[in-house]
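S.K.: The lines below spell out each chain.
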Amino acid sequence: MSTPLSGPGSATQAPGRGPVGSRPPRSRAARDHAPITLTGLAGKVLLLGLTAGIAVWAAFPLIDGRNWAGLALLAATTAGLFYLYLTRRHIPAKYLVPGTLFLIAFQVFPVLYTASTAFTNFGDGHRGSKDEAVVAIQTSSVTQVPGSAEYALSIATKGDPATGSLVFLVTDPATGTVSAGDTGGLRQLDAADVTVAPGGKVTAADGYTVLNFGQASARSKEITDLVVPTAGGALRSSGLSRAYEGKAVRAYDAGCDCVRDTGTGQTWTADNEVGAFVAADGERLAQGWKVNVGLSNFTRVLTDENISGPFLGTLIWNFAFAIASTGGTFLLGMLIALVLHSPRMRGTNLYRVLLVLPYAMPSFAMLLAWRDMFNADFGLINNMFGLDVDWFGQPWTARMAVILVQLWLGYPYMFLVATGALQAIPRELTEATSVDGASPWQSLRAVTLPLLLVALSPLLISSFAYNFNNFNAIYLTTEGAPFPADNPTNGATDLLITYTYRLAFGGQGAEFGFAAAISLFIFAIVAVVSTVSFRRTRKQEEVYS
Amino acid sequence: MTTLTGAARTGDAAGRPPVANRNVTGRRRNRWFAQVGWRHLVAVLGVLFSLFPIVFVLSAALNPLGTLSTTELVPTGGVSLGNFSGLFERTAFERWFLNSLLIAGVASFASVFLSALAAYAFSRMRFRGRRVGLLSLLLIQMFPQFLAIVAIYLIFGTITDLWPSIGFNTPWGLLLLYMGGALGVNTWLMKGFFDTLPRELDESATMDGASHAQVFFRIMLPLVAPILAVTGLLAFIGTINEFLMANVFLTSSDSKTLAVGMYGLLQGNERNNNFGIFAAGTLLTAIPTVLVFQLLQRYIVSGLTAGAVKG
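Protein chains in written order, with our numbering: chain A, 72 to 616; chain B, 52 to 362.
Isolated chain A, as found in the complex (with noise of 0.2 angstroms):
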């Protein structure tokens, strides 16, 4: 909600209508000469204090990270700060620098790095560099082969036995030694940190929690994958209490960049146009790597077919939405505040106490209400108007019923500030039209609305921009239901922003790199809409003003 409040100001103020510089800069020697206070200069060093305190604290890591470029970046800003809060010049920059540190750090960066992503074919399967796809590859093809060693497992974490990370705690049946091992290898354990019953199972060790039958197997998908890289192939479990170590049965060969199959004998050679091996069938190996695909990405939304038809359809209704949100909360608020508008009308205060208790509620919770209120079984509105409509079932009804929510929780808001924009036009003009002969509703038309609009364009041109992202009012509600039974990843009430997000975080596979592209499509479309309108509006108050 908190875009859409801050509309007024940040929209009416458009570019270069501010006062205007017209004053000189006050002269540099009655700053010099301003005296330095105690409280100023105990703020400044604890301040200070603690910036240092901070960076010290954030440089451990990256120093054990060996992350020299992450290093060099936090002890400039933090010399830079000191630089700027000692010195006595840049005054300007002192009030600046602190609100933008954390603009570049969350804001900035994060949308150029979107950028940069739309353009890969970052995702579910291509997340690292071509070696980490190949090491992937070769350690999850390990397999049991005939004379494989075998060996008592137990499982362990390190911490939580619910989040901790895995780790295989193995004995070896020759010499009876204990070895920890994780993805990053084998380590042996010292005799004397571990327990080991008959039978060679580990029951207890130093530094690791020994998860029991019931804990390991909430967590056997995970202990399935597995896979403790060593020197003659690799350990993969088999079960929740033995433990073989297997060969890869899958290589590489540098020699036709490609990956060999020993068992089979195919072969997948690599794509670095696509980033992943590929057979001669064009079979894809599933572990891939990040590579560049150009446009790709943004061409994909016009020419694949399964997306682009679906995509039209979402950016029509995504339009429909805001437009309808905007458009119908403006005008129910209006004609209200019109209503109790009037001189003669008793109790206006109690009336809008309860009318605006919608705009004060939490409104996540009363979305997540509205969508049980419409529940299909034993929603609120089907049981009190004696309906039987599955409400989000069919692509109109649940629309309907999106807008009818939007509708709900913003016409209080349009209602308040059309309230305020009303109290604020003279009550001189409508008396002078009516003084002229004119009927109210001739002075509602010619006098009231348009000043009533003048004021609050800017705001709804804010609603739009808002409401065309307004990620709750979906996810929270239909969650993009219905879907075409062809198609489970664009629903008829889905936004772009829905759409995004389910692209990036759903759960079929996340496609980051398109994710990311269609977010700067929904950039474009909002930047392009809100320059034109502003413009136009900006025409207008000239006129008018």
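If you are wondering where the hints come from, they were derived from the structure by calculation, not from laboratory data. The structure displayed is predicted, hence computed values, not measured ones. Even for Gly, the Cβ is constructed at its ideal location relative to N, Cα and C. One or more hints might be untrue.
[To be verified] Restraint-style ranges between C-beta atoms, simulated for each label pair:
(1) B:D212 to A:A351: 36 to 42 angstroms
(2) A:R417 to B:G180: 44 to 50 angstroms
(3) A:G334 to B:S187: 55 to 61 angstroms
(4) B:P339 to A:A552: 32 to 38 angstroms
(5) B:G180 to A:L524: 33 to 39 angstroms
Please build the complex by placing chain B on the supplied structure of chain A, with the hints as guidance.
M.R.: Just chain B now, with coordinates in the frame of chain A:
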């Protein structure tokens, strides 16, 4: 009160006025309805529309059975507070509440302060890059932070590796993230407020030997304090309702905020059974905001429209 008589009178006018002066009264009442009565009628309809979902939540919270399927608009099956105690017994509601208050409180305070600092510079000082700075803030504001959610997720993956105490599942990481959006959202608004203060004030203070920091803290801030409070309150409500990034960030039950935690209550198989305690949680969440909101309502109206009308 007024509303009821309004509705009743219109009913009367159509129904059974005294026979003797039927026409006179009827006409007077018709005129009353044409001028004021219909306004009450529309307002009452508006109030009904505003209230019925809230009444539904209230009745769900008091419903002794606590399921969605047994909840009616008006509680007919008796009233109990069992959902409220259930909420505290079965969920980490108090943790979520505290997390939300902490994150939203610190984030709104810090973001208002940071943007007030920047707005002071933009409003009172003339320097190179001022216009460019203001324009780029406007542009950045158009790119909502959550559109970069993918990048943020990856960046914080690295941060979690390096500094776990400001990474995922901590309130501090989320706080840092929210502060990133602070400048873009509020600076223009605040600059508008600072511009309305007469420059003679701070100039005379400078003449008297006040430093720029003293002018800011001693003169400017106290003058705009009520508006800062309102802006802060709105930022607070906005942060409490923020769901998208919090949902990506906070996955362990103890670190969740109200939005993420209560969303989880209505997921999966327990959706029907948990509705009562969910409604109880909604009411508890609403109490502070509704109270403050009603107290500050007058300022909110003027604060929202200040920029819009004054231009």
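S.K.: Indicate, hint by hint, whether the structure satisfies it.
M.R.: Hints versus structure:
no.: 1; hint: B:D212 to A:A351: 36 to 42 angstroms; result: 40 angstroms, holds
no.: 2; hint: A:R417 to B:G180: 44 to 50 angstroms; result: 55 angstroms, violated
no.: 3; hint: A:G334 to B:S187: 55 to 61 angstroms; result: 59 angstroms, holds
no.: 4; hint: B:P339 to A:A552: 32 to 38 angstroms; result: 33 angstroms, holds
no.: 5; hint: B:G180 to A:L524: 33 to 39 angstroms; result: 35 angstroms, holds
Comparing the model with each numbered hint stated earlier shows that hint 2 is the single one that does not hold.
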